[in-house]
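Undergrad: Each chain, letter by letter, is given below.
Number of protein chains: 2
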Amino acid sequence: MRQTQLFTKTRREAPSDEVAKNAQLLVRAGFVHKEIAGVYSYLPLGLRTLNKIVQIIREEMNAIGGQELVMTALQDKDLWSRTDRWDDAKVDNWFKTTFKSGGETGLGITHEEPLTRIMTDHISSYRDLPVYAYQFQNKFRNELRAKSGIMRGKEFMMKDLYSFSKDETEHAVFYAEAREAYKKVFERAGIGSRTYVTFASGGIFSEFSEEFQTVSDAGEDTIYIDEEKGIAINKEVYNDETINKLGLSKESLIEKKAIEAGNIFNLGTRFSDVLGLTYTDETGTKKPVVMGSYGIGPTRLMGIIVEALGDDKGLVWPIQVAPFTYHLVSLGHNGDEVSKAADALYDELTRKGVEVLYDDRDLRAGEKFAESDLLGMPYRIVVGRDGVATDQFEVVNRSTGDVVKKSRAEILAL
Amino acid sequence: MRQTQLFTKTRREAPSDEVAKNAQLLVRAGFVHKEIAGVYSYLPLGLRTLNKIVQIIREEMNAIGGQELVMTALQDKDLWSRTDRWDDAKVDNWFKTTFKSGGETGLGITHEEPLTRIMTDHISSYRDLPVYAYQFQNKFRNELRAKSGIMRGKEFMMKDLYSFSKDETEHAVFYAEAREAYKKVFERAGIGSRTYVTFASGGIFSEFSEEFQTVSDAGEDTIYIDEEKGIAINKEVYNDETINKLGLSKESLIEKKAIEAGNIFNLGTRFSDVLGLTYTDETGTKKPVVMGSYGIGPTRLMGIIVEALGDDKGLVWPIQVAPFTYHLVSLGHNGDEVSKAADALYDELTRKGVEVLYDDRDLRAGEKFAESDLLGMPYRIVVGRDGVATDQFEVVNRSTGDVVKKSRAEILAL
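Read top to bottom, the protein sequences are chains A and B. All letters in the first sequence, in the order written, are residues 8 to 421 by the numbering used here. All letters in the second sequence, in the order written, are residues 8 to 421 by the numbering used here.
Among the clues, some could well be false.
Since the list gives no way to pick one copy over another, a pair counts as held whenever it fits inside one copy or between any two copies.
Said to hold, decoys possible - Cross-link-like lysine to any residue pairs, in silico, SDA-like; alpha carbons within 20 angstroms at most:
1. K97 to E175
2. K263 to A21
3. K146 to I116
4. K146 to T105
5. K16 to E75
6. K173 to L13
7. K257 to R35
8. K190 to D24
9. K263 to R152
10. K375 to D24
Just so you know, the hints here were simulated from the structure itself, not pulled from any lab data. All values reported here derive from a predicted model rather than from experimental measurement.
Turn these sequences into a full structure, and let the hints guide you.
TA: Below, the structure is given as structure tokens:
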């Protein structure tokens, strides 16, 4: 895409009303726009990254048998009353509103209830199980504070997958598959090496839930990591009993700040019991369906990537989630030889299907480089007078700062 | 996809609480699930169709220079107060709610206000114009009645594009391009021949707005069509003056019921004036930006396709929006020769990238055919004992009912 065509502009200064690094950088770079505290629009570059994150997650969910659907924000009060999650005294972050046609509704904070009800229409026999269904959908949570940028929004995108299994054994097999799928997601999103399966409090149905925690100074959680085994314990269950149970030893655990990037939960029959989601087994006996839930917030994950990888010059995108792989920066002016060479390189790369953001504007080199650092594409290709003369162009790695020189032919073969 | 893997089941009976044909058929076929009156979830088959509609619209919007972004549902009360569209006395279909952190918010009914404000950060010079930006985003409208299924939901997906131009002349050029792009969308979605550019009341900024009206008995609007010229007049502006102005004659106009499938509006400087969206022109003069808005609801369009093409046996999908192009129906049982032949055909078609829904279940032929008609894929391929013996398989056109016989090689070459 030509930057002369891109409508967003960057800002030199961080917005004064943002404290989180992710929001400061994303707003400065024109990736997101703050509508209200904790509520962000995604502008073209931001949406490109968000869509790439979504696609990575979608592929990994499909690979473990997930079927995609999409549920609604508006929720049925009666349904949530049955599971005792409507009352503000029980769940304190609903946005509630009323229908002009009468009655209350609320904006979905999660979707166990509606999906369990949908499944009562479709699951009746052991032959119908297991089922894995997921969605990408905007959740609403009426948070009191909003100081984490897109990492904790009042309106944010969630990928929530729910599993429906015959029994604990069948459930356990999928639960383990989901864990591996999540590892692949974080690996592909560029934060695999700093993200740990972390044992946390489990709720009512199992001793532990599993979180995926990404090490970052911006983290709200404290975790204790066993680097060698690649697992961690959340502070909330960090005690001798847990350490022993997991076969770890206190000496090898390192305390770090971390951000929760995903979680997987055993739900047991909490929802199927109350909402009547049962099936008839091979012997004709009616049994409740065993459920699990598996969440990753794509918008939150985008924020975590910025927190973990961004530096003092700006955003740093891993290749698989970058809006564009290359930032082609022309130092030409007004259609001179350099501009023409840059135009030609852009056209050829684009024709080959390579994703290139092309800075074809007539600005000073220093300004262009500073903005290029801020936008954070993985590689910058500089087309200047020397490069055109010698057929040796600088290719700068945004993450490491390494510079290599490549010929036009080498760039086209990348 | 194998139907033994698809979690949704169909129903023999239409749900008693649905009056609209689109909702009756889509719920029966397991494409959508009603959460609350006027609020529908999209199940895997429904989501596939919705995504295809979205992709058609996206391609056509990109082709006329649209840049995709996505804004939020939660809206800033102060912003909407400035344009005088917050007060319930002025706009009567808001869902309003409150932040726990204090203050009111509402769920976006449309997005002129927030996008105009976003553009004040990015547009300042004539060099920044024109800009065309669009989104696919869920709108919320607190409708009193909900009897049109997914054609008029309280929560529904909208593609809304907004144009930002220097002056009326530049605006008019894009407006005409958008009209042509819309025609292409309806053509590709399979309802082009029954959809008419229809002149309707224009609001404050122009004499007429343009609607795209699709002829259907379920229509809420009445239009007067000139078949030869391919345009129509909405009843609301149907009078001698309009007829003359458009160069039509009363005698050639036919009255029909129709459903609004899209619309394009001149907004003039209504929003840019109030919200301060100005630019500096070539002479250094500050001017307000001239705007337009262009809407198509993908969920509504899906409902219109069902209303227009569905028959008494069920859904009828045009090829470009069908969840799958082929419905491969095996009449085999328990791994017999017929099942094996169907399995092999499914595998080969899928390997070739052909989209096939494969009914691999062990059910009676009559039941399978009835369900296949209900689901409405464009072509049904029947694999039975005779077909396997003679290498001549029935291929049934869902829309026309035409049956042709094709060999395995011919099917693979389709």
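Undergrad: If a hint holds in the structure, say so; if it doesn't, say that too.
TA: Here is what the structure says about each hint:
1. Taking the shortest Cα distances, K97 and E175 never come within 20 angstroms of each other, neither inside one copy (28 angstroms) nor across copies (55 angstroms).
2. Taking the closest pair of Cα atoms, K263 and A21 never come within 20 angstroms of each other, the shortest separation being 27 angstroms inside a single copy and 57 angstroms across copies.
3. Both within a single protomer and between protomers do K146 and I116 lie at most 20 angstroms apart by alpha-carbon distance, with minima of 5 angstroms and 18 angstroms respectively.
4. Taking CA atoms no more than 20 angstroms apart as the test, K146 paired with T105 passes in both settings, with 18 angstroms inside one copy and 16 angstroms between copies.
5. When the C-alpha separation of K16 and E75 is checked against a cutoff of 20 angstroms, the pair qualifies only between copies, where the shortest distance is 15 angstroms, while the shortest distance within a copy is 35 angstroms.
6. Taking the closest pair of Cα atoms, K173 and L13 come within 20 angstroms of each other only across two copies (17 angstroms); inside a single copy the shortest separation is 51 angstroms, beyond that limit.
7. Taking identical chains as interchangeable, the C-alpha atoms of K257 and R35 are never at most 20 angstroms apart, the minima being 43 angstroms within one chain and 58 angstroms between chains.
8. For the homomeric pair K190 and D24, neither the shortest alpha-carbon distance inside one copy (34 angstroms) nor that between copies (44 angstroms) is at most 20 angstroms.
9. Neither within a single protomer nor between protomers do K263 and R152 lie at most 20 angstroms apart by alpha-carbon distance, with minima of 24 angstroms and 54 angstroms respectively.
10. Proximity of K375 and D24 under a CA criterion of 20 angstroms is satisfied in neither setting, with 26 angstroms inside one chain copy and 60 angstroms between copies.
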